[in-house]
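So the protein sequences, as listed, match chains V and D. Read in order, the letters of the first sequence are residues 93 to 575 in my numbering. Read in order, the letters of the second sequence are residues 4 to 462 in my numbering.
Hints listed in this document are in silico derivations from the structure and should not be mistaken for laboratory results. Warning: the hint list may mix true and false statements.
[Unchecked claim] Simulated pairs of lysine-lysine, DSS-like, Cα-Cα distance not exceeding 30 angstroms: (1) Lys104/V / Lys158/D; (2) Lys158/D / Lys446/V; (3) Lys176/V / Lys99/V; (4) Lys378/V / Lys158/D; (5) Lys192/V / Lys144/D; (6) Lys329/D / Lys173/D.
[Claimed, not checked] Computed beta-carbon distance windows for the label pairs: (7) Thr220/V / Pro442/D: 42 to 48 angstroms; (8) Gly435/V / Lys203/D: 43 to 49 angstroms; (9) Pro395/V / Arg421/D: 55 to 61 angstroms; (10) Asp196/V / Glu187/D: 24 to 30 angstroms; (11) Ile95/D / Cys97/V: 53 to 59 angstroms; (12) Asp267/D / Pro395/V: 44 to 50 angstroms; (13) Asp267/D / Gly330/V: 50 to 56 angstroms; (14) Pro331/V / Gly405/D: 52 to 58 angstroms; (15) Glu228/V / Arg207/D: 37 to 43 angstroms; (16) Thr511/V / Ile223/D: 34 to 40 angstroms; (17) Pro442/D / Gly330/V: 40 to 46 angstroms.
A quick note: this is a predicted structure, and the numbers were derived from the prediction, not measured. All residues carry an ideal CB built from backbone N, CA and C; glycine is no exception.
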Amino acid sequence: MHVWCQKVENGKELAEYCIEKGCDLGASYVEARFEDSVSRGFVYRNGAPVSAGTQPESGIGVRMLVNGNMGFATFDRLDKEVAKQALSEAFKMAKNANRKDPIDFGEPISNKVEWEIDAKQPIEDIDTETIMTTAEEMNAAMSDLPQFTLMLSPAYSDKYIVTSEGTRITSRVSHIFSFALLTAKGEKGSEQKFLDMTQAGGWERIKEGNVMENLREEVELLQNAANEATAVKELLDGPIDMIVGPEVAGIIAHENVGHPSEGDRIKGREGAQAGESFWRDLELGKSRVGSDAVNVSEDPTIPNTGGFYLYDDEGVKARKRELIKEGIINEPLLNREFGQKFGKESNGAARSSKYNREPIIRMANTYFEPGDHSFDELVEDVKLGVYLKTFAEWNIDDRRYQSKYKGSVAYVIRDGEVTDEMVSRPVLETTSVGLLSAIDAVSKNLRFDFPGTCGKSDPMQGVPVYAGGGELRLREIRLGGVG
Amino acid sequence: MTSFEDLQTFVDFAVDYAEDKTEGIVVHGIESSRSQIRFSQSAIDINKRWRELKLEIFLILKGAQIGSIEQSVSNKDEVRDAINTTLEFTKILPESQFFAGIEESVREYAPVRRVFDEKIDEFTVQAPEIVNSAIDAAVTKGAKRVAGALRFGRKQEYFRSSYGPEGTFKSTSFDLNVRAFQDELDYSGQGLHCGTMPTKDEERMVEAGAQAGRLSKEAIGAEQGEPGKYDLILSPTVAADIIAGVPGSANPFLILIGLSPLGDRMGEEIAPDFMTVTDHPHIAGALGSHRFDFEGTPTREVRIVENGILKSLVHNTTTAMMYETKSTGSSALQSISEGSKMLLPGNSNIVFEAGDHSFEELIDGNKPTIYVTCNWYTRFQNYQTGEFSTIPRDAMFLVKNGKMTPIKNLRISDNLMRMFANIEALGKDLKQILWWEVPTPTFVPYVRVSDCTMTAATQ
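Go ahead and model the full structure; you've got the sequences and the hints to work with.
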């Protein structure tokens with residue numbers, strides 16, 4: 093048997109042993125997740141190689157419910173003695189936790205499936221020279237900039253989830269993680285952009301995802317902003333209309349809608365880290381947070397997206413979730429524990445970033461559902477406004493209520509037309525409700541222009557996600573950032 | 004527990020196996036066990052336990068043709084596989100433009116005090132009780148709900164370089180973050196405590212809970228703050244995130260890739276003359292203290308900012324050669340993208356020289372002033388020019404005539420270099436900070452900064 097196959101078989105066998113051992117210790121539920129991944133990373137500065145490497149990684153993470161308390165044991169060596177020791181320690185700690193309100197996972201789930209991401213040219217079949225040739229092409233696309241750094245990392249990961257309830261799931265995902273730090277310098281100063289170009293699937297995604305074309309366009313636009321963008325005072329004089337591109341729509345869907353919809357935040361479990369949620373004080377199906385035009389969904393099952401999966405890390409079948417319907421909050425993201433706390437079922441939102449992290453509630457692909465306008469129709473009756481195509485600096489408070497998006501590439505809209513006049517760093521600084529209520533139309537051009545790594549939990553877990561939408565039109569917005 | 008001898012066996016085997024296949028190799032073996040207890044709504048949510056044994060390997064195949072790998076191992080065959088995989092991969096790579104050599108001499112390493120708690124295993128048993136005491140302390144001081152995380156663990160390390168250096172190090176660590184809430188989402192407070200000797204610091208962990216509870220109560224009734232210019236009093240937690248970002252950027256790699264505002268500022272006055280900040284790897288009880296760097300160069304204090312002047316960057320052998328200076332013993336094998344690691348300079352502990360002001364003296368003044376106790380989500384528009392914003396969270400107060408009134412919903416939207424230059428005064432007590440937003444251990448006092456821009460939502 094091939095060494096790699098042997099390792100996977102050993103990992104699966106040890107995961108099964110962990111179930112047996114956890115049950116023997118007295119746990120009422122045991123779940124073991126074996127993961128085996130390989131990434132190859134290539135880093136260049138101004139086109140010159142900085143470093144490259146190959147990084148195999150494997151290990152097992154085990155969750156156990158002990159008298160309603162949760163224990164998590166994880167280890168990196170596929171060794172029975174190490175497993176036994178880690179499980180015993182985690183079991184003992186969990187037993188001493190003495191929760192008054194026991195954790196409940198609800199009805200048993202027993203799914204037996206195999207699934208994998210669609211990959212015509214599997215990542216493991218791509219030789220190093222091919223990857224370096226692509227990197228050279230990407231470096232060439234950035235070569236007009238005074239400073240640029242490229243990080244290109246194709247990776248794949250195999251996973252085996254087994255539970256004491258009978259779940260047995262084997263899966264494979266692959267990504268081409270790809271980031272560029274761009275610095276443009278021009279007559280108006282310098283502009284920076286951290287560009288995420290991550291694709292999901294096989295190597296064919298470089299072409300199918302238009303990676304080169306998009307990179308060239310981003311470089312040109314950033315250079316234009318450094319050369320041309322200026323402050324336009326009249327935009328600050330009063331409320332204006334704003335149209336945001338799919339990248340900005342994506343970050344809004346992710347930050348102002350996706351995060352506050354996470355069930356663990358709503359119930360306070362992320363209180364000390366990523367925070368709570370303003371949804372806590374709202375009523376599902378009744379509370380309005382945006383205009384009728386706002387429909388935001390979450391869907392892990394969209395092929396070749398950063399957040400793609402068919403079964404989550406608790407073995408629950410993935411499905412689309414409608415977070416906001418016509419401006420009303422509709423459905424939170426839930427795992428098994430928080431499904432019970434909400435009196436519902438899990439909707440398949442449990443993800444972990446790797447074997448040594450617990451699965452928690454995460455987004456996958458979050459987006460504004462497309463409307464029925466063309467881009468031109470959105471623009472045609474705007475007298476004075478801003479087209480915020482892309483953003484750079486952003487943040488949002490930990491209840492997910494006060495957000496800020498600072499423009500990177502933006503244009504003045506006058507008399508129904510997007511002009512060539514570039515605006516320097518316009519600021520959209522609003523509350524979530526203020527922002528979502530200002531949206532009066534969404535274009536039909538659904539694009540996932542915001543690939544990202546979503547951070548949450550402690551220790552930090554970064555997971556790949558996509559976000560997007562059509563263009564959004566916001567009415568009567570006052571630009572912010574003024575103190 | 005894996006014995007130190009096992010670790011030594013794997014590292015020695017790796018170096019011996021690769022020595023005649025490479026120009027040089029450095030291998031660090033690290034064995035660790037760590038735990039974390041997470042809690043929310045005043046109850047423990049999960050107890051986690053990690054066990055790891057990894058080799059970190061950096062090899063020079065020929066010239067600047069370099070490779071690296073981090074691999075978990077449990078026997079010599081796996082060590083051999085890790086070396087072979089790296090050699091195979093490295094032989095087709097071009098030379099790195101960011102490698103010019105590593106430490107080649109054998110030197111003594113100074114001891115570092117108070118970095119290992121012999122009673123760490125006892126602490127593992129006591130930890131849930133301490134968490135519950137911290138929760139109780141927060142509730143006693145007025146909290147309605149308490150969340151947080153206590154992480155602790157130990158690690159042992161052995162390294163050997165084919166150029167001769169070798170060394171050992173063992174350490175323990177802990178960090179506790181307590182966040183207390185009222186029933187409302189808006190009124191909260193934070194308490195932090197971290198260090199290396201958990202069994203000697205149990206009282207201060209409970210006090211962190213009490214501080215979180217106290218602040219959450221003081222935040223009750225917080226009203227919308229007014230955007231505008233203010234002097235800010237930054238708690239050590241906030242100063243460690245924002246202000247320490249300047250000495251944290253005194254790094255050649257960050258400068259060269261455009262992530263530092265210090266590129267052309269060497270020798271310039273960037274802060275008032277009472278400001279001195281060092282990278283100090285020999286502080287007793289500090290989480291970033293260490294005897295040697297990854298290459299085997301002895302660690303040493305680096306005076307980054309001295310009397311307000313930018314004096315030095317942190318260096319490893321390569322960047323020191325690029326800048327025609329000497330390594331500061333700051334080399335670390337850092338992950339710079341998924342799958343790729345590189346020898347780069349990094350910080351140990353960032354240490355501010357304390358000032359001479361009491362907290363009462365710092366808040367005393369006639370100008371509009373805001374006291375910020377905690378912040379998160381710091382993001383930059385441009386790292387080279389320093390424009391950024393960050394969000395105060397937990398208790399925040401408008402200070403007027405020595406009286407503090409709780410306020411909320413403001414954002415610091417300013418320029419890092421401007422704020423560093425506008426520091427008006429420093430508190431006299433340093434606190435070690437390490438938490439979610441601050442990954443580098445930082446010793447910093449309360450800081451007063453003049454004329455900062457605070458913004459708020461327009462709708």
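Next on the checklist: Check the structure against each numbered hint from earlier and tell me which ones fail, lowest number first.
Outcome noted: 4, 7, 9, 11, 13, 14, 15, 16
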